[in-house]
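Dock chain one against chain two, each of which comes alone in its own frame, and use the hints as you go.
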Amino acid sequence: MQYILLLNESPNELADRAHPERSKSYWGAWSAFIGAVSKAGILVNGDGLMGPETATTVRVRDGRRSVQDGPFADTKEVLGGYLVIEVPDLDAALEWAAKAPCVHGGSVEVRPVMPPMRAPNA
Amino acid sequence: MIVDARRAAEVAARSSYGRLLACLASRSRDIAVAEDALSEAFAAALATWPERGVPVSPEAWLLTAARRNLMHRARHQSVQLGAVGELLMRIDEGAETPDWATVDERLKLLFVCAHPAIDETIRTPLMLQTVLGLDAQRIASAFLVAPATMGQRLVRAKAKIKHAALRFDVPDLKEAPTRLDDVLRAVYVAYGSGWDDLAGGRGLAEEAIFLGRTLVSLLPQEPEAQGLLAMMLYCESRRDARRDDAGRFVPLPEQDPRRWSTAMIIEAEALLTAASQAGRFGRFQCEAAIQSVHAQRAITGRTHHAALRVLYDLLLAHAPTVGVAVGRAAALIEADALDDGARALDALDPESVLAYQPYWVVRARLAERRGELDTMRSALERALGLTEDPAVRRFLSDRLA
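Heads up: the protein sequence lines correspond to chains A and B, in order.
Numbers given in our numbering equal positions in the first sequence, counted from 1, plus 171.
Numbers given in our numbering equal positions in the second sequence, counted from 1, plus 421.
Just chain B, same shape as in the assembly (with noise of 0.2 angstroms):
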């Protein structure tokens, strides 16, 4: 009972975080209260399901709780700023069961995290942390930050949201276009993390696609949207050929494509196919255009690696990260094009994938290739040092053996 009450309080968590949390912001404007407020509420419903039972809306109860606590607290701060009225008023306003299927309160506080006014450095960690929940810990290592920083760069963005009172609302993109473009990162940047994150559950990626789903519905004339939520549906349909029954970590030119989800596969298509009929080329399509080449596998059997590399050459144009270089770099490897895979690896700033844990993957996978066993092994052991992932691990050791 007591194990089935905090599991119920995880689930909530991990599910609703960043909805109960848009809810609770988009009418104070005040992240940092809200943030407290719900974990205030998270706190009781640890302290108070396991004796009186999880309620039928567990949901509806974090949110309950949760405004009881930010009333408190506006009665508490009227007493020094006499404007109890205003403050309950717009706690009061939204008392009604919240409709998730209108639209989403996180979309509205997505893109006031995407305000112009607010550091552009910033933006991707705030949305990470007040839509998905993701702790200043986390969120300071995929940015390489540390974290007592990243820490105190969020405070400081939430508390210029608050005093300069940025609207809580999904602009007019077509005077905004940067602001979805920061909007999509953060959802790509979450889905990546969940996509990382295999044995800590689906969560995190979940609520990227689910976040996908709802941009796209909300902008449908918007092909980036509709590329990035494609991309990620075309991973997600390799999710469970990731590992064998085993457990064990199977890489892609391995998996069987049988074990791909043909539902998401199609979806994914459809989606790919609406979004270049808007003849806006861009990152996103371009991403899942390089899935889409991975999945006609399940039919034709073999892999297009012209294609490929066309890909991977256009992307690297529209995105220049070292991420993409990596995954060129990979690409071309596979393709046999060994000395392109080399000298595409060798370009990359040394400093820049120290720590990158793909760079060493795709270091050992050429040196295997060229036959050049003790690169191969050193490489191996170098990613082995930067993963973190149980099944990987064991993938990468059996390869050391």
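Bound conformation, chain A alone (with noise of 0.2 angstroms):
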């Protein structure tokens, strides 16, 4: 089963990621925790995004495109990055969830991806 990690991480945390103190702390937490994914042979992929405040929202309504400044809502947590790991079930996404360094100040979310859809005439 493949498992995506939504990791949510608080204002503060996203912060640190350049805070002049703090920035070595941050970025050693989320090498080590990628790390042991990694050694642990469950990594599929996974990806750190850029703050929400580079991020543009686009919606098509009514046939017309609206494009937004930011993401679509202002929230506690923002989307920090995502992980996709490959386990056998969900008590074993978890585990690994707990060990984010982003679930004190935030969460992770971890949610079942999709298999893969057949062609329809394979």
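To be clear, the hints were calculated from the coordinates, so they are not data collected in a lab.
Misleading hints may appear alongside valid ones.
As the list claims (entries may be wrong) - DSSO-like mimics (lysine-lysine), calculated; alpha carbons at most 30 angstroms apart, straight line:
#: 1; chain 1: A; residue 1: Lys270; chain 2: B; residue 2: Lys529
#: 2; chain 1: A; residue 1: Lys247; chain 2: B; residue 2: Lys581
#: 3; chain 1: A; residue 1: Lys210; chain 2: B; residue 2: Lys595
#: 4; chain 1: A; residue 1: Lys270; chain 2: A; residue 2: Lys195
Here it is in structure tokens:
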């Protein structure tokens, strides 16, 4: 089973990315976590995301495209990145999710990844 | 012959539903599909057993038939999904006759229902449906929820188990002690449900005791599992004494202790003693201790009311439920502490006891002890309106007369 770990960070944690004193421990914690996931041989892929201030949201309503600055809504937590892992079941995915640095200030949402769809005539 | 076959199917349905479902679902993780396959197997049994006779092992027959149904489904699905191999393998792995003596598959199913990823309020109903085969209607009435709502919530929970691939296993309980609490509570509710349903036979109560035994043997270091089993055995020891020879209901204070099962009481005492050695007291040990005090009457000839009072105070602190509060009030009244008993009843939220039969029985008892006959009569009438069991109905209407 593949699960995506949606890594939600608090604004404080995001600010630590470029903080003169705290950035080192911020990035250190993440690279340790991702290193552990990778060594366990379960990492499918993953990325960190730039901050929400760089986001642009697009939607089409009644055939008209509207483009908006920023993420959809103001929330206390922001999607800071994601990892896709391959593990036998949800319990194993939750074990890994609980080790992510952002669980203390933010949260991790774990969702099963849909299996790839087969072509209709395959 | 037809009647025999139907009976055999019914007995198999009652005694092995949970085991069969757990066996079928733990491999595919798809509880809903396993339920369908199993009910088709039961339908097939009803159609073929009257003609061809009841098989030597009805359970094995049903399991094979249900597996075949699952296989058909998998083949059918595989056309759409292209995953024949994997699906068939998951079903085939368990093709041998299950060994009921090893780790019970039902425990795995119980623990997956008590998974933290499942909404807390649906865990016990889910366990009752999947492991004990209670229908959504009956569960809904036990939980005071509309049957359609309960049905939907059960379906949603099963879909989550399947799609998010929750693990079917007994978890490390040091990491997840609350999961054991949920499992114990479900067994407790199941026993209570079988206890009330005296007319319907002892199927559910026996099933709950069996699950209790399995929990104790699998988790010998868990005092609350021992406490729960002890509590059930104490109550079960009195089953025969709850009816007199004419089939009339006999309340606990009037029961003849010579009709209690000594073997069950001895077993319960041993369990409770073993549990106390762990030094972790809890709700179920407390419930068992209360029953133990009642059981002492077989030896001493009297009920130790002061001990009951202390234990009920403790139990209320551990489990502040309406049921416990009413039980405590009943104990106070039997101990002649009528004013304390009245205060305990008055303190309850009137809404929560409106349809709670034991509350009205205890109200009637209080009024009787105080000589308030009109109050007693109206409380008895309320209780009677909430009673289904014919023997209890007769008992209550005799008191009314």
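Problem set entry | lysine 270(A) paired with lysine 195(A) [C-alpha distance capped at 30 angstroms] | Satisfied, since the Cα-Cα distance of roughly 18 angstroms is no more than 30 angstroms.
For this session: Measure nothing beyond the straight line between the CA atoms of lysine 247(A) and lysine 581(B); if it is 30 angstroms or shorter, mark the hint as holding.
Result: Satisfied, since the Cα-Cα distance of roughly 27 angstroms is no more than 30 angstroms.
For this session: Verify the proposed pairing of lysine 270(A) with lysine 529(B), using a straight-line Cα cut of 30 angstroms.
Result: The given pair, whose Cα atoms are some 26 angstroms apart, holds under the 30 angstroms limit.
Problem set entry | Straight-line alpha-carbon gap lysine 210(A) to lysine 595(B), limit 30 angstroms | The given pair, whose Cα atoms are some 27 angstroms apart, holds under the 30 angstroms limit.
Of the numbered hints stated above, none is contradicted by the structure.
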